[in-house]
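Enquirer: We have chain A; now place chain B onto it with these hints.
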Amino acid sequence: MKIAPIEYGDRKVYSVSAFNRGVADWLARLPTLWVEGEVTELRRHTGWQSVFFTLKDPADGACLPATMPRGRFDALRLDLVDGERVHVFGRPELYEARGDFRLRVLSIERFGLGDHLAALERLKRKLAAEGLFAPERKRPLPRLPRVVGLVTGNDAAAKRDVLSTLTARFPPAHVVVAETYVQGPRAAAAIVEALRSLCAVPAVDVIVVARGGGSFEDLLPFSDERLVRAIAGCPVPVVSAVGHEQDTPLCDLAADVRASTPTAAGRLVVPDLGELLAGLDRSRGRLARGAQRAVVRERDALALVRDRLRRAPVLAVERKRAALEQAAARLKALSPEATLERGYAIVRTDDEIVRSPARLRPGQPLRVEVAEGEFGARVE
Amino acid sequence: MTGAPAEPGEPSFESAQRELEGILARLESGEASLDEAIALWERGEELYRFCLARLDAAHGRIEELVRTTSAATPPEGG
Chain A
1 MKIAPIEYGD RKVYSVSAFN RGVADWLARL PTLWVEGEVT ELRRHTGWQS VFFTLKDPAD
61 GACLPATMPR GRFDALRLDL VDGERVHVFG RPELYEARGD FRLRVLSIER FGLGDHLAAL
121 ERLKRKLAAE GLFAPERKRP LPRLPRVVGL VTGNDAAAKR DVLSTLTARF PPAHVVVAET
181 YVQGPRAAAA IVEALRSLCA VPAVDVIVVA RGGGSFEDLL PFSDERLVRA IAGCPVPVVS
241 AVGHEQDTPL CDLAADVRAS TPTAAGRLVV PDLGELLAGL DRSRGRLARG AQRAVVRERD
301 ALALVRDRLR RAPVLAVERK RAALEQAAAR LKALSPEATL ERGYAIVRTD DEIVRSPARL
361 RPGQPLRVEV AEGEFGARVE
Chain B
1 MTGAPAEPGE PSFESAQREL EGILARLESG EASLDEAIAL WERGEELYRF CLARLDAAHG
61 RIEELVRTTS AATPPEGG
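If you read the protein sequences in the order shown, they are chains A and B. The C-terminal position of the first sequence is numbered 380 in the numbering used here, with every residue numbered one higher than the one before it. The C-terminal position of the second sequence is numbered 78 in the numbering used here, with every residue numbered one higher than the one before it.
Keep in mind the hints are simulated off the structure, nothing from the lab. No residue lacks a Cβ here, since even glycine has one placed at the ideal position from N, Cα and C. Treat the hints with care, since some could be wrong.
[To be verified] For the chain B half of the interface with chain A, some residues (derived, Cβ under 8 Å), not all of them:
1. Glu14
2. Ser15
3. Glu19
4. Leu27
5. Ala32
6. Leu34
7. Ala37
8. Gly44
9. Tyr48
10. Cys51
11. Leu55
12. Ala58
13. His59
14. Glu64
15. Leu65
One chain only, chain A, in its complex shape (with noise of 0.2 Å):
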């Protein structure tokens, strides 16, 4: 149909209605295409024609008014429920009367578990592009945490596995717990707030997000980008303990440590007290051994200063006694006594040592000494 303008001179302008006709013309020869999203704000009515709903972006909250004829939706059986995944064929359309812009839609289909698995891959790569699964963005847990706090469903076996294996080991645990949504869609949003609000306790130095085993569906929540996201920016380490060992939810990546159990994850948050104790005790054993060890020490070397001391006067006097001997032989190497023992005689006048006959009389009495004594003679 043809959509003319009223002229105003140059100027042309359109009616409302006009307006209206003319883009939803063009509007309608745009192709039938898929939309993904949620469900959310459904309305049926047994009175009405359509059934009404939104169309909402999981990841930034984006909405879309659809329509579907009611006789349509009813026929897929389909049972859907608020903030469930689909995929939605239809076409854009304006409904002229009130200018709104809503998606005319032909058919929905629930997300099935092919499409879950191929978002999961999509959203897997692209987080780990970003580094969200690096091994070195991964913390320590620390060995003693003053408060644990833990993110599980209420009643749930995990909860119980947690918290038994928490008290067993270590007694004097203080453990906050957030119960939350597990499953469902409404699980992903209420699992990051219950993280958030454990972080706001003061003294919460790691958080355990719990869950046991389920369906895939059940565990989609713990894929979620959100959550994903919120236990990598976490600011305590995260141990996730979520599902099965063979069930690998993104949670499990972004986690700063990874537990198969809930069990496995209430004995990695808390040491064992009793192997604490003992740890001390033989630390204390080791300490007082290491001091004892330089006491002794210390003590071998003063012992050994005072044996020194104590020789020293008897050293002293053993040498001067090598000395004296030293000089006596000495003394003997230079005395006449060698000489008179080869046959020489000293001869000696009552006052001096003769050594020249000038000075002799004849009749003189002299004193002869050779080596083994001596005796009388007199000058001739």
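Expert: Chain B only, in chain A's frame:
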């Protein structure tokens, strides 16, 4: 010197344990003089008592955080 570890701020159990390990290594190396060995031993004893006190001071406690999600519908179990 007080019984608290040299590093300021909590958590300090770890730093106390680490310091104690360092002291043991130094003592057991046999390189410390008598004066140093005695000082190390005293410091080590302090750290030991500090760690023990930290363990004694902790009283087992399990608290439930008030739920921030809608209280009207209880969370499903898991």
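Enquirer: Return the numbers of the hints above that this structure violates; sort them in rising order.
Expert: Violated hints (numbers, rising): 2 and 3; every other hint is consistent with the structure.
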